[in-house]
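Novice: Heads up: the sequence lines are chains C and Y, in that order. 1 is the number of the first residue of the first sequence in the UniProt record's numbering; add one for each residue after it. 1 is the number of the first residue of the second sequence in the UniProt record's numbering; add one for each residue after it.
Simulated from the structure, these hints should not be mistaken for laboratory data. Treat each hint with caution, since some may be false.
Cross-link-like lysine to aspartate or glutamate pairs, in silico, EDC-like; alpha carbons within 16 Å at most [stated by the list, open to error]:
1) Y:Lys-243 - Y:Asp-322
2) C:Lys-293 - Y:Asp-96
3) C:Lys-511 - C:Asp-532
4) C:Lys-452 - C:Glu-506
5) C:Lys-511 - C:Glu-579
6) C:Lys-252 - Y:Asp-83
7) C:Lys-591 - C:Glu-605
8) C:Lys-293 - Y:Glu-100
9) C:Lys-620 - C:Glu-440
Which residues of chain C face chain Y? A partial, calculated answer using Cβ under 10 Å [said to hold, decoys possible]:
10) Pro-516
11) Glu-520
12) Ala-559
Positions of the beta carbon are idealized from the N, C-alpha and C atoms, including for glycine.
Read off the chains here:
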Amino acid sequence: MAAIPGRTPGGMSRRSLLRTSAYAALVTASLSACDVFSTDPEKKDSGKAAGAKGKEAPMLAERVKAGELPPVEERLPENPLVVTPTEQIGVYGGTWRTAITGTGDGPWLHRTIGYEPLLRWTRDWTGTELNLAESITPNADASEFTVQLRKGTRWSDGTPLTTADVDFGYQHVLLNRDLTQGHPAALALGEDPAELEIIDDWSFIVRFTGPNPMFMTNMARHWDGDRLVSFPRHYLEQFHGEFAEDAGSKAKAAGYNTWQEYFNFLGNDWSVLWTNPDLPSLKAWVVIDPIDKGTVGRFERNPYFFKVDPDGSQLPYLDEVRYDIVPDPETMLLRAQNGDFDFHSRHFNSLENKPVLADSQEQGNYSILDYEGTYSTEMLISLNLNHEDEAVREVYSQKDFRVALSHAINREELINAVWQRQGEPHQPAPVAESEYYDEEFAKQFTEYDPEKANQILDDLGYDQRDGEGYRLRPDGERISVTVAVAEDALVTVWVQAMELVTGHWEAVGIKATVDPMPRENFEVKLGDNQFDASVWIGDGGRGDEILAPLWYFPHSLNAGSDYARQWSNWYRTRGQGPEAETEEPPEAPKKQMELYDQLLTEPDEAKRDELFREILQISKEQFYCIGTVRVNSTYAIVSNNLKNVGGPMPEAAAYNTPAPATPEQWYFEG
Amino acid sequence: MLGYLARRLLYVIPTLLAISVVVFLIINLPPGDFATSLVAYRRQQGIAVGPEEVEQIRAAYGLDEPIYVQYWYWISDLLFRFDLGVSFEFNRPVADMISERLPATLLLAAAALLFTWFFAFPIGIYAAVRQYSIGDYLATTIGFLGLATPNFLLALILMYLAYRWFEYVPAGICSPDWCDASWNLGKLLDALGHLWLPVVVLGTAGMAGLIRILRANLLDELRKPYVVAARARGVPERRLLVKYPLRVAMNPFISTVGWVLPGLFAGDIIVGQLLGLPTIGPLLLGALRQQDMYLAGSLIMVISVLTVIGTLISDLLLAWTDPRVRLGHGGSS
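Looking at chain Y on its own, in the form it has when it is part of the complex (with noise of 0.2 Å):
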């Protein structure tokens, strides 16, 4: 175990260096570059920017370098000093900028995960149980309407009904009147009546997969010879629903428990973006908007290290709820 845990790290430092080199390609592959959208930036607001102070910007941001130093620059700073770099649209560090919109990130991602796992796990288990019952379609077609509905539309949707209905539009974290006001009860209910929509909206989104993956698994499971063994037996159904076949049907979940992680971090881009929160979607959705290379690789690579960590985390869980995973390591089959 303690070797196969070894092997695991090892494997991550080339797979990170690897996706370093993507990722950073790949942010460099649009046409143009954060000078250039400076420039169409402030040409849109009528300022006129010449060619030589374009030239001053690429220089100062050592964007004129071949992309390699440019790389190396970036890869350097973040392995040997820990530096996330400065953004060029912010002028400001890339840490204290992820540090500060960290925990509302974390807040309303766990939020919205405990959403999805208190709703789909017993309904997922109920339509596996009551196959083909009214309560399983019923829960098969929310499901599928959670899924086929972009989130965006279901968040537009959602506060275009608050404002018709309840006369306000549950964006951002707070009305203005409670914004700057000190934390009392009416501030607290403002911010639930603001923060139940993108729990809502993003949980939604992950509730129709887990649903269906478990209805699925468990139905195998109910089929199988043991089942019906234990039942002839006369365990009683809901201890032999628990005790085996609900373990197993388990499985694809803990082995993508792990991908939680990068989802917490910035799992809310477009919801973000359309409902004005402090988080780190629309942090990174603007970075990659303007070109802001260090912002938005840095970001990347703080989402790439969570995923590798994530799936690590997976594994090993996987290892120790499933005996039949670790026994397979021994080497029967």
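So here's chain C without its partners, still in its complex pose (with noise of 0.2 Å):
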């Protein structure tokens, strides 16, 4: 700082000791907050005030002073969401720091703060609570359901969310084939789209041409319940060319080529959110430094959120999110350690690392918070039962023969080897907390009995072995099969659990191979046919039964079941698909999709459930895909301060774990 006149070398007197502080404390605190030598980062005080909270957040308070925002109650819908806190009631202030590794890693935003449907999950995930709507009325036959908004909710730059703005999403963005390719399925029956009337400025009706009782459920499911208030029509249709005649010249000068592509990248897009900051929302935090420029993505709360706290204080407690870009997963690791994070559960959330973490839990102030897996199985092994070769294919066919492969599986040396000595056999079946649990299901053909399995490939008559002992089919070709493994997948154990389990198969006589390889070469080996058999993950455990059922038969969802695709497109398609991709199932699975077709439409619950459970039964027996092990793998990271996030939930895409645990009522102590 300043040098001392006419000091002469050999040391600083006591006095002109205390001078120089004097003085350095003086220049400090004059030149105050805007320092350039203070070594203090200079924040907007958080306000973490202790008290009475008021009504809304002190750093809102201010703007409201500053007549910036008008007083909080003309903020609020008439109606507000009255938010029951975890534990108890919190404070305001903080931020709450986790991670992304970059703009791809959406799924953690949508997962932490983008989960604002008209219905929510209820956090024990058996079913659904209001959230934007105010009420959905289904009528008798469950083909149209009236939905009132919350009226005088706002987005948040302050414009009432209105019909106006269903209306305008629903018609001139969802139904515009040039914004939006492919129908949301959630907002059609079958191929015929839903049709919309508006009634009056807050209540509106979605007609179906049939019954369609999953549609309150899908009101829940995060991006399909969102979808028709995601579309601020006040700032959007300026960049519509329905709307706005210049259009296409805005969309030029800000280098796109048509209006579609520039209003997609403002507007109608999977991460508009987080990378557009004049976008206006309906959620807790909105986008202040979008993730997609810097390091860093910065949300500040929404001063219009329409939800509050039991004493009417306006949620959310906390002043604002960030995510880190860390690209790299062991980076992630280390700065979880550290204590970078308070409260995050991806990417280095795995069995192996659990240890690392509980180690450090001291020095990074944090507690290991365990989720409950939905997955019915952490490795699903499909043999591709529409493989190209006919010869190959009568035998993976064969019931008895997936029967012998999954007795000669050692599950418990896989749960000691790759799981850490966590979970338990498992089938591709409901799991034990689910109500459509049912035990013989789960445990079938899980036993390791490789006499057995033995006996039962001598008696489908593969008993005659080549020169290496490898057992052959009838026609004198040996039996095998390359499993194809997406090495850089949900579950990263995978490969090395698939090399155990070729090592048990061997040991029976069936050759078999493990193929890792990168996802999207993955994705396209399956969606080509070129396969024996496959790994994923199994869904449909709990909570999401009949929404994934493709482990328990031939099912569209995701790119369709890997253990035949084909009969999966067949019913997809009706039938009508293109010959080389779809193939008609027989009996039993068309059987199944039958069902599910009419329960799809059934509106009695009670009836839903039996159709379901009867669909269930031939899975069982037509042993479509062999499980091997239900492992809780997974758990968040906590830090010690962060309070009502609650003990454990379930940990699911579909149930978009954190989100139904309600971020907007966590807050920090002390």
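Relying on the hints, combine the two individually framed chains into one complex.
Specialist: Right, dumping it as structure tokens:
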């Protein structure tokens, strides 16, 4: 800092030292906040004020005082949604620090701050509750739904949300095939798009061509349930060709060829909420620093958010959410250990990292929160029942062959060697917490019994072996299975686990090889039907049994059930698809498809249940695919200061973990 | 000299065209395209994508056209309008994305380069002049360790040590508290607390090679009779070393100095990815993985142009510093 004039060498006297310090203190004080020599981060005061918290966050109260915002009563809907805190009523302030690997990691944003559909899942995932909708009323046969929005709900820029936005979004964005490719499945019955009728400013009817009882459930699903209320008309119509004559020239000026491209970039894309700060939103936090620029994405509280706590104080409690961009999972792990994240459960939360994270809990001031696994099995093996080679297909298609392979797997070894001595043998079947649990289905053919496997294979007529001891088909060709594994997909231990399984299969005389590949290649290989077998995770174990039935019968979810992509395509296209990609399924799966179609239009819940049980019964008999081990494999790390997160919660893409734990009522203590 | 320059410049055109073809082909070589990687990605998130939608994505991005048509779209925009195209994944003009990341990239690469030169030259000269001394062995050992340790490993190790001993992880370019703060001394210190890591990692990688080359060349020169003669005439050691042998020993360095240019632009791919730096390297890596054709292709084209220009600069520099190269052009040998 300042040099002391007239000092001679030989040290500083006590008096001059005092003088220097006083001078330094003076300088520091006088420069105050804009001091370039300050070594404190100069940030907005988050106002973690103790005492009465008031009806709104201090940072918003200030803006009201400055005349930038209307008072909080005018910003809330007439009938705001009252959120009951998980543990206790919180206080305002603080920043939730978390991370993403890059713009491709959008799902973590959707899971943390992007979940505001018309309805929402209850925390225990047993049902739905109201969210943006004040009510949704079905008619008698569940073909018509009257939706009532919360009167006075506002977008983050203060403009009221009305049915004009819903109408614009549906008629001019979702039904515009240049803007939206493929109609949202939740807003159609089969091939027929729903009809939208506007009643008044806050209510509308969604009408289907027939009964569609799944509509209510779909409106709680992330992305499906948000679609009707994600297009702020007053902002977006300036870029829409049907409303703004200069939409084309605006797009050109911004470097796009057509207004459609520019429109989608601004308001109709998977990631607009994180990349376009001008887009009005209904979420608890809105973007102030987009994630596609720089190394951090920042989100600030939405002053018009429509939820309050039981005291009538506007939520969210937390001022800000920030996502550091950390492309490498190892680096993310290290930062998690260091306590750089307040809540995070992605990329590094694997079983093998758990001891490492447990070890640093103290240094990082966090705790581990276990998730409840919803997958029926961590590694599900599909033999390709639609194999291109007729002879191979004949082998794989025999149920007993699959049963033999299942008995040949030593699941205890997998548990010990791969899954850190956790988990239990499990087939792709509803799990114990599910209302559809059937122990026999879950456990059938899981006992390790190579003798039995050998016996079955012998009985199938594969008792001849070649010089290397591998079993032969009756036509003299060796039976072999090459398992395609996406090495960088959901579960990182698949390759390791599959190496063991192929060993078990070789022990009963089946030539087996693991073929690890990047997941893009995996997708191409399966899409082209160029594979013997593949590995994925067992969806539909709990909570999403009906929504994700692809391992119970050939269903078109994702790209189709891996064990029978062609049957799935047949189901999706109702047999109308191109011959090369579809194949008519045999009686059993066909029957299941009919039952499922019935289920989708059955208004009575008890009857739907019954139909689904019937479908499960057939899958149990058919045994389409082989399960291995069920493990509660994931967990979150939670800062010890972050409150109201609550105990364990389900982990599933469909549940959108941890959104149903309502982050808007999380808060920091102390 | 001017004729030589003109000829060299002419060669640049077919070279770059050939590079553009190869680049485009190689990016398209892996099975699948951007649409498949999008589907794979969505499937991983549990989002259904129907084949019709895939077809529409393909049509929208022109991926259903034959490859030469796609190539023509790309290269004609590039040549006639200087338009680098729009990234599929980010839906943003590639030029914008590059310019956003350029300052940090250049700053970091330049710092790493200076770090390399600052240490490599003195060490290389010392190792040659004091051959087989303890210092020489030490420099050689450290140099080889630096050469043999992959960058990402070195970065991970240093990060872990920082976490263990200093209780912070020097990833990124700032710590959370400071990223949104305005610039002051604290932020500068914080930035230095983060930047030392990539600078050291990137710097050490290039150091070993430079030390070895300089040492070997200088050793050759030092044994030559003109050095002995000069020494016999009593030329002071320091002047003797710097005036002639060092200049000659610098030749291999000068002939590759132009390659620094592309290195500045995208030399930190793995380290940048690991540390989450807002530089161009990680952008290129992501684009290649996603088969984001225009982003990857345009980035590689920029790198190629810089390489070609860099080589030209090196050649000219060499001609300028070494009379033998200039005279050689006169036709003596």
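Novice: Run every hint past the structure and note whether it holds.
Specialist: Now for the hints, and whether the structure bears them out:
no.	hint	in the structure
1	Y:Lys-243 - Y:Asp-322	holds (13 Å)
2	C:Lys-293 - Y:Asp-96	holds (10 Å)
3	C:Lys-511 - C:Asp-532	holds (12 Å)
4	C:Lys-452 - C:Glu-506	holds (15 Å)
5	C:Lys-511 - C:Glu-579	violated (31 Å)
6	C:Lys-252 - Y:Asp-83	holds (13 Å)
7	C:Lys-591 - C:Glu-605	violated (20 Å)
8	C:Lys-293 - Y:Glu-100	holds (8 Å)
9	C:Lys-620 - C:Glu-440	holds (9 Å)
10	Pro-516	violated (15 Å)
11	Glu-520	holds (5 Å)
12	Ala-559	holds (6 Å)
Violated hints, listed in ascending order, are 5, 7 and 10; each of the other numbered hints is respected by the structure.
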